[in-house]
Amino acid sequence: MKRIKVYQKLTVVFFSMVFTGILAGTANADVAGGQKIFEAKECGACHLTKGPNQDKTFEDKLKRKGPDLWFAGSKFKKEWLVKWLQDPKPIRQMAYNSIEKKNPGDHSKLSGKEAGDMTDYLMTLTSKDVVAGTIKAKKDLMGKMVFEKKQGCYGCHSSMRGAKVAGGLTGPSLVDVGKRLQGDWIYAYLKNPQAIIPVKRMPTYAGVLNDSEMKSVASYVASF
Amino acid sequence: MKKGIISGVIIIVLAICFVLQGQGFGASPGENYKWYCAQCHGLNGKGDGPNATKEQPVTPRDHTDTKGMSKLTDADIENVIRDGGKATGKSTMMPPWGKTMTDAEIKELVKYLRQLCKC
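The listed protein sequences derive, respectively, from chains A and B.
Numbering-wise, the first sequence is residues 16 to 239 according to my numbering.
Numbering-wise, the second sequence is residues 26 to 144 according to my numbering.
Read the hints as simulated data drawn from the structure, not as lab findings.
Don't take each hint at face value.
[Claimed, not checked] Which bits of chain B does chain A cover? Going by a derived footprint, with three or more residues having C-beta under 8 Å, they are:
#1 49-57
#2 62-74
#3 78-88
#4 114-121
[What the hints assert, rightly or not] Across the chosen pairs, the derived CB separations fall in these ranges:
#5 B/Thr84 / A/Ala110: 20 to 26 Å
#6 B/Ser116 / A/Glu94: 33 to 39 Å
#7 A/Lys80 / B/Ser116: 31 to 37 Å
#8 A/Ile212 / B/Ala100: 29 to 35 Å
#9 A/Ala221 / B/Thr84: 18 to 24 Å
#10 A/Asp75 / B/Gly55: 45 to 51 Å
#11 B/Thr98 / A/Gln209: 31 to 37 Å
#12 A/Val180 / B/Asn69: 25 to 31 Å
#13 B/Gly93 / A/Ser113: 26 to 32 Å
#14 A/Asn225 / B/Asp128: 17 to 23 Å
#15 A/Glu57 / B/Lys115: 45 to 51 Å
#16 B/Thr91 / A/Gln69: 40 to 46 Å
For each residue, glycine too, the CB sits at the ideal point set by N, CA and C.
All chains, please: the whole structure from these sequences, using the hints.
So, in structure tokens, the structure goes:
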């Protein structure tokens, strides 16, 4: 009887130690820490963190060396971000802003701890133009029509066609994009590209597609 | 005073016209071609941009093909740039650019294509 009690106590002590360990770990992964690493590693040399983007010409855009992160918290899925920062596999098949060179796939890597802090920091950067909770990922039939027939999104974006990857190379790859992007951001970008990515090689679809088509294609893409 | 109001109204009307059509970036037709069209049609217009992968359902038109391009009227070209492939009964893989560029820029691009095809 006594022995069992001792075991019980030991188990409680053990689990509370594990628990405080986890807590301490998450408390370390903090926003200020992430911001410090961002500055120390000069991520800002290539990424914009204070929006909105004020680019007015192609030259302005060509001066940028990496995609904007000022809306990162509205754009990315947190679970994807923390993994990608540790293992940055190419997203764009072409080098950033280029239609001639391939992506060298040489993005800097972070350790697990750094990636956790960085994710916490980047997820605080949001855009007021992205309204959370509007788009649910689903295999939307109208969205599929827009993507493949009414418009040709595949012209510049690759995605899964059955078991194969097919499509163009100048837009970011949309393979598994549902794990990477929030549907609400996709919709906001289609609806008002000026507020999200003012200068881009992608056509403006607002005014070409109606609102429900934009919502549908955002849901469909988010289901990839 | 009156003049001020009139020019104010003119500016507003012009601004509205500008917003209603595509928003251009004040680029030359050559720059617009390089930025938007070359990703599919190639920097020299031969239909060999990076998006012209072999899995694509259609090949982007070779804009240097004098014979093929001369079959299109200026209005055809303008419509296909503004509204995409469906405007001339072609594939929608050719996107619509009417909300991306101004009408004036699209008209300039038509002339630019005529130089490319020498037709």
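Okay, the hints, checked on the actual structure:
1. With 4 residues having a Cβ less than 8 Å from any Cβ of chain A, the stretch 49-57 of chain B passes the three-residue criterion, so the hint holds.
2. Given a C-beta distance limit of less than 8 Å, the hint that chain A covers the stretch 62-74 of chain B holds, as 5 residues qualify and 3 suffice.
3. With 3 residues having a beta carbon nearer than 8 Å to a beta carbon of chain A, the stretch 78-88 of chain B meets the requirement of three or more and the stated coverage holds.
4. Only residues whose C-beta sits within less than 8 Å of a C-beta in chain A count toward coverage, and the stretch 114-121 of chain B has 6 of them, enough to reach three; the restraint holds.
5. One distance hint, 20 to 26 Å for the beta-carbon pair B/Thr84 and A/Ala110, holds here, with the actual separation near 24 Å.
6. Between B/Ser116 and A/Glu94 the CB atoms are about 37 Å apart, so this pair conforms to the stated range of 33 to 39 Å.
7. One distance hint, 31 to 37 Å for the beta-carbon pair A/Lys80 and B/Ser116, holds here, with the actual separation near 34 Å.
8. Between A/Ile212 and B/Ala100 the beta carbons are some 32 Å apart, a value that agrees with the proposed interval 29 to 35 Å.
9. Between A/Ala221 and B/Thr84 the beta carbon distance is about 29 Å. The supplied range of 18 to 24 Å is therefore violated.
10. Between A/Asp75 and B/Gly55 the CB atoms are about 18 Å apart, so this pair departs from the stated range of 45 to 51 Å.
11. Between B/Thr98 and A/Gln209, the C-beta spacing of about 33 Å keeps the proposed range 31 to 37 Å intact.
12. Checked against the given bound of 25 to 31 Å, the beta carbons of A/Val180 and B/Asn69, roughly 28 Å apart, stay inside it.
13. Roughly 29 Å separates the CB atoms of B/Gly93 and A/Ser113, a value that falls within the hinted 26 to 32 Å.
14. Checking the proposed 17 to 23 Å range against A/Asn225 and B/Asp128 shows it holds: the Cβ atoms sit about 21 Å from each other.
15. A beta carbon spacing of about 47 Å between A/Glu57 and B/Lys115 agrees with the range 45 to 51 Å that was offered as a hint.
16. Separated by about 43 Å at the C-beta atoms, B/Thr91 and A/Gln69 satisfy the suggested range of 40 to 46 Å.
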